Structures are given as C-alpha cells and as structure tokens.
Amino acid sequence: MSETKKMLYINRNAPYGTIYALEGLEVVLIGAAFEQDVSMAFIGDGVYQILKGQDTSDSDMKNFSPTYNALGDYEVTKLYVEQESLDERGLTVDDLMPLVYEDEDDDWAEKPSIVVLSRTELAGVMAGQDVLFNF
Amino acid sequence: MAIELNGKTYETDEEGYLADLSQWDEDIATYMANDDDIELTDAHWEVINFLREYYEEYQIAPAVRVLTKAIGKKLGKDKGNSKYLYQLFPYGPAKQACKFGGLPKPTGCV
Amino acid sequence: MLHTVNKSPYRSDSLKLCMAYMQSGDMVLLIEDGVYAAMKGGSSEALVSGSSAKVYALGPDLKARGIGSDKLIDGIEVVGFDGFVNLAAENDKVQSWL
Chain X
288 MSETKKMLYI
298 NRNAPYGTIY
308 ALEGLEVVLI
318 GAAFEQDVSM
328 AFIGDGVYQI
338 LKGQDTSDSD
348 MKNFSPTYNA
358 LGDYEVTKLY
368 VEQESLDERG
378 LTVDDLMPLV
388 YEDEDDDWAE
398 KPSIVVLSRT
408 ELAGVMAGQD
418 VLFNF
Chain C
4 MAIELNGKTY
14 ETDEEGYLAD
24 LSQWDEDIAT
34 YMANDDDIEL
44 TDAHWEVINF
54 LREYYEEYQI
64 APAVRVLTKA
74 IGKKLGKDKG
84 NSKYLYQLFP
94 YGPAKQACKF
104 GGLPKPTGCV
Chain H
44 MLHTVNKSPY
54 RSDSLKLCMA
64 YMQSGDMVLL
74 IEDGVYAAMK
84 GGSSEALVSG
94 SSAKVYALGP
104 DLKARGIGSD
114 KLIDGIEVVG
124 FDGFVNLAAE
134 NDKVQSWL
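First to last, the sequence lines map onto chains X, C and H.
Per the numbering used here, the first sequence starts with residue 288, numbered consecutively.
Per the numbering used here, the second sequence starts with residue 4, numbered consecutively.
Per the numbering used here, the third sequence starts with residue 44, numbered consecutively.
Read the hints as simulated data drawn from the structure, not as lab findings.
From a predicted model like this one, the values you see are computed outputs, not experimental measurements.
Glycine is no exception: its CB is placed at the ideal position from the N, C-alpha and C atoms.
It is possible that part of the hints are untrue.
To be verified - Examples of chain X residues toward chain C, derived with CB under 8 Å:
{"hint": "1", "residue": "Phe-351"}
{"hint": "2", "residue": "Thr-354"}
{"hint": "3", "residue": "Ser-405"}
Stated by the list, open to error - Simulated pairs of lysine-lysine, BS3-like, Cα-Cα distance not exceeding 30 Å:
{"hint": "4", "chain 1": "H", "residue 1": "Lys-97", "chain 2": "X", "residue 2": "Lys-398"}
{"hint": "5", "chain 1": "X", "residue 1": "Lys-365", "chain 2": "C", "residue 2": "Lys-108"}
{"hint": "6", "chain 1": "C", "residue 1": "Lys-11", "chain 2": "X", "residue 2": "Lys-365"}
{"hint": "7", "chain 1": "X", "residue 1": "Lys-339", "chain 2": "C", "residue 2": "Lys-108"}
{"hint": "8", "chain 1": "C", "residue 1": "Lys-76", "chain 2": "X", "residue 2": "Lys-293"}
{"hint": "9", "chain 1": "X", "residue 1": "Lys-349", "chain 2": "H", "residue 2": "Lys-114"}
{"hint": "10", "chain 1": "X", "residue 1": "Lys-365", "chain 2": "H", "residue 2": "Lys-83"}
{"hint": "11", "chain 1": "X", "residue 1": "Lys-349", "chain 2": "C", "residue 2": "Lys-80"}
{"hint": "12", "chain 1": "C", "residue 1": "Lys-98", "chain 2": "X", "residue 2": "Lys-293"}
{"hint": "13", "chain 1": "X", "residue 1": "Lys-293", "chain 2": "C", "residue 2": "Lys-108"}
{"hint": "14", "chain 1": "C", "residue 1": "Lys-77", "chain 2": "X", "residue 2": "Lys-398"}
{"hint": "15", "chain 1": "H", "residue 1": "Lys-114", "chain 2": "X", "residue 2": "Lys-339"}
{"hint": "16", "chain 1": "C", "residue 1": "Lys-80", "chain 2": "C", "residue 2": "Lys-98"}
{"hint": "17", "chain 1": "X", "residue 1": "Lys-339", "chain 2": "C", "residue 2": "Lys-77"}
{"hint": "18", "chain 1": "X", "residue 1": "Lys-339", "chain 2": "C", "residue 2": "Lys-11"}
{"hint": "19", "chain 1": "X", "residue 1": "Lys-339", "chain 2": "C", "residue 2": "Lys-72"}
{"hint": "20", "chain 1": "X", "residue 1": "Lys-398", "chain 2": "C", "residue 2": "Lys-11"}
{"hint": "21", "chain 1": "X", "residue 1": "Lys-349", "chain 2": "C", "residue 2": "Lys-76"}
{"hint": "22", "chain 1": "X", "residue 1": "Lys-293", "chain 2": "C", "residue 2": "Lys-11"}
{"hint": "23", "chain 1": "X", "residue 1": "Lys-339", "chain 2": "C", "residue 2": "Lys-82"}
{"hint": "24", "chain 1": "X", "residue 1": "Lys-398", "chain 2": "C", "residue 2": "Lys-82"}
{"hint": "25", "chain 1": "X", "residue 1": "Lys-339", "chain 2": "C", "residue 2": "Lys-80"}
{"hint": "26", "chain 1": "C", "residue 1": "Lys-72", "chain 2": "C", "residue 2": "Lys-98"}
{"hint": "27", "chain 1": "H", "residue 1": "Lys-83", "chain 2": "X", "residue 2": "Lys-349"}
{"hint": "28", "chain 1": "X", "residue 1": "Lys-349", "chain 2": "C", "residue 2": "Lys-98"}
{"hint": "29", "chain 1": "X", "residue 1": "Lys-292", "chain 2": "C", "residue 2": "Lys-11"}
Could you put together the complete structure from these sequences and hints?
Dropping the structure here:
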C-alpha cells in the first residue's frame with residue numbers, strides 16, 4: 288500500500304436542505320476504512336451540521352446528527368470549525384454538539400474533537416493537506 | 004422481496020437486509036441465521052445486540068474494523084478480534100450480524 | 044401576498060431580495076434552510092428585525108435544525124404545517140423565493 292495521505296473534507300452546506308452534508312459524512316466514514324489521515328472542516332453554513340439539539344421527529348427526514356459522534360470510532364478526531372463562520376451566524380462553540388473521541392494511546396481518555404480555528408489558521412491546515420474534498 | 008414467517012411479512016432488500024428496521028424481532032433473526040446455516044448462541048446475540056445498541060446511539064451500523072475494536076473494548080480482548088468474530092459470522096461479522104439484527108448494511112463496508 | 048424563503052441567508056440572496064420587494068400587508072414565511080434567518084445574533088438578523096412585514100417560521104424545520112425558541116429573533120411567529128396552509132389560504136397570492 289502507498290503511504291498515508293492527509294485528507295481534509297470541507298463541509299460548507301447546512302444539513303437538511305440539500306444532500307451534501309449527509310453524502311459527505313458517508314464518504315468520510317467509507318474513506319476512513321482506508322486508514323488515511325482524515326480530518327473535517329466546517330465552514331460557512333457547514334457549521335450548522337453540528338449544531339446541538341437537532342430533532343427531526345416532526346419532519347420526514349432522518350436525523351443524522353448523532354452519527355458525528357461515531358467519527359471518533361472511525362479515527363476521525365480532528366474537526367475544524369471556522370471562528371468567522373460561527374461569528375457571522377451568532378453562534379459560539381457552546382451551540383455545537385460536544386463531540387469527543389477516545390484516545391486509545393491514553394487509556395481511552397475522552398478528548399474533544401472540535402478545534403475552533405481562525406480563517407487564516409484553517410487556510411494553513413488546508414495548505415498542509417494532500418487531498419481536499421468539498422461537500 | 005419478502006419473508007413470510009409466523010403469519011408476518013418482512014420486507015427485505017435484494018441482499019436480504021430488512022427494509023424496515025422497526026419490523027425486526029428475534030424470530031426473524033433466528034430465521035435469517037438458519038437460512039445461513041447458523042444456530043444463534045448467546046455469543047452471537049451478544050454481538051447482534053451490541054450492533055443494535057450502536058445503531059440506536061449513532062444511527063449507523065459500524066464498519067467491521069470499528070466493530071472489532073468496539074467489541075474488544077466492551078466485551079474484552081478475547082472477543083475483539085477478527086478470528087473470534089468470523090467464527091461466529093463466517094460471511095463477515097459486520098455484514099452478517101447487521102443482517103440478523105435488522106440493520107442496514109454497514110456504512111464503510113466495501 | 045405571502046412570500047416563502049427556503050434558502051439560508053448566508054448562501055443565497057433570496058431573503059434579501061424578498062425583503063426588498065415587501066409591500067404593505069405582505070407576510071414572509073421562512074421554511075427549510077430559510078429558517079436559519081430566524082436565529083438571532085447573526086449578521087443577517089437586520090433583514091428580519093428591520094422589516095415591517097410580519098415574519099413566520101415553520102416549526103418542524105426549526106426543530107430539525109436545532110433552533111430552539113430561545114434563539115429566535117423577537118417578533119417571529121412559529122407555525123406548524125397547518126399554519127402554513129392557513130397563511131397560504133388567507134393570502135391571495137404566494138411567491139416562493141427559491
């Protein structure tokens with residue numbers, strides 16, 4: 288097999304109005320089987336994907352927000368959220384689901400997956416990737 | 004496609020997975036297992052129930068790699084390995100146990 | 044006239060244009076991703092709070108997206124599917140800003 292590639296999945300769409308968010312999440316989970324260095328970024332309306340308290344019980348749609356909690360099991364432990372996108376929407380990190388992963392190398396200690404970065408910092412993360420995907 | 008059992012009709016997809024998760028019961032699990040020449044033991048049920056709980060919490064059926072690790076953590080290292088799980092479910096622990104558990108085919112199953 | 048908007052105000056100019064076309068007595072109903080415009084504190088808030096039109100938002104779409112009543116801009120009225128039907132019935136025309 289080839290060496291590990293750094294892959295960043297960039298999520299720019301709100302969860303239910305279009306199929307992008309769900310499709311993107313499924314691609315991340317499938318891609319994680321190939322044991323690459325996978326991370327995700329939430330920018331623009333993408334930050335709405337991980338908003339707390341989603342409840343589709345009155346709508347004819349599947350609530351897939353619990354699936355973001357499984358990303359840690361798939362070794363996707365870096366979820367970058369852009370500060371400017373939160374600010375523009377009047378949101379703070381407390382409005383987001385408290386997503387965590389269990390660190391196998393640290394006695395399964397729970398650690399936060401969400402990292403809030405400025406646009407400049409996130410641009411740096413993007414520059415350091417081998418492959419970028421937009422959803 | 005559909006399976007008729009005890010006067011109840013279970014709709015399935017072309018690969019034999021239940022179309023409607025809410026229709027699942029232990030009878031259909033036993034029936035599907037017998038169809039694959041497997042008699043369900045407590046060891047099988049432990050894995051099936053684990054998968055059903057995982058689905059309930061995360062709304063996905065885990066890929067086999069994830070399942071193996073998670074089983075190891077929850078039920079012990081002697082069970083969290085491919086050899087043990089493939090003995091129970093020879094056609095693939097995630098795929099086959101998900102089918103018996105009434106869950107969709109695992110996400111990330113290629 | 045009833046105007047419906049189904050796009051996020053951060054991804055589309057639908058709401059901005061809709062509000063610019065508002066006539067006396069018109070109403071706006073936010074649906075689907077349009078309900079993100081009902082959240083307070085965002086940069087699009089002035090589009091809603093600065094309008095003289097009555098603004099409604101569809102409850103099931105708010106709930107699906109995790110937007111609780113405590114996060115709504117003051118003055119927005121939440122309606123269900125039945126309320127949507129009533130609004131459409133009581134207005135002579137409906138314009139959908141897609």
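Structure-based check of all given hints:
no.: 1; hint: Phe-351; in the structure: 6 Å, holds
no.: 2; hint: Thr-354; in the structure: 5 Å, holds
no.: 3; hint: Ser-405; in the structure: 31 Å, violated
no.: 4; hint: Lys-97(H) <-> Lys-398(X); in the structure: 45 Å, violated
no.: 5; hint: Lys-365(X) <-> Lys-108(C); in the structure: 26 Å, holds
no.: 6; hint: Lys-11(C) <-> Lys-365(X); in the structure: 46 Å, violated
no.: 7; hint: Lys-339(X) <-> Lys-108(C); in the structure: 27 Å, holds
no.: 8; hint: Lys-76(C) <-> Lys-293(X); in the structure: 27 Å, holds
no.: 9; hint: Lys-349(X) <-> Lys-114(H); in the structure: 23 Å, holds
no.: 10; hint: Lys-365(X) <-> Lys-83(H); in the structure: 29 Å, holds
no.: 11; hint: Lys-349(X) <-> Lys-80(C); in the structure: 34 Å, violated
no.: 12; hint: Lys-98(C) <-> Lys-293(X); in the structure: 29 Å, holds
no.: 13; hint: Lys-293(X) <-> Lys-108(C); in the structure: 27 Å, holds
no.: 14; hint: Lys-77(C) <-> Lys-398(X); in the structure: 19 Å, holds
no.: 15; hint: Lys-114(H) <-> Lys-339(X); in the structure: 12 Å, holds
no.: 16; hint: Lys-80(C) <-> Lys-98(C); in the structure: 21 Å, holds
no.: 17; hint: Lys-339(X) <-> Lys-77(C); in the structure: 27 Å, holds
no.: 18; hint: Lys-339(X) <-> Lys-11(C); in the structure: 39 Å, violated
no.: 19; hint: Lys-339(X) <-> Lys-72(C); in the structure: 28 Å, holds
no.: 20; hint: Lys-398(X) <-> Lys-11(C); in the structure: 46 Å, violated
no.: 21; hint: Lys-349(X) <-> Lys-76(C); in the structure: 29 Å, holds
no.: 22; hint: Lys-293(X) <-> Lys-11(C); in the structure: 50 Å, violated
no.: 23; hint: Lys-339(X) <-> Lys-82(C); in the structure: 35 Å, violated
no.: 24; hint: Lys-398(X) <-> Lys-82(C); in the structure: 26 Å, holds
no.: 25; hint: Lys-339(X) <-> Lys-80(C); in the structure: 34 Å, violated
no.: 26; hint: Lys-72(C) <-> Lys-98(C); in the structure: 16 Å, holds
no.: 27; hint: Lys-83(H) <-> Lys-349(X); in the structure: 26 Å, holds
no.: 28; hint: Lys-349(X) <-> Lys-98(C); in the structure: 22 Å, holds
no.: 29; hint: Lys-292(X) <-> Lys-11(C); in the structure: 50 Å, violated
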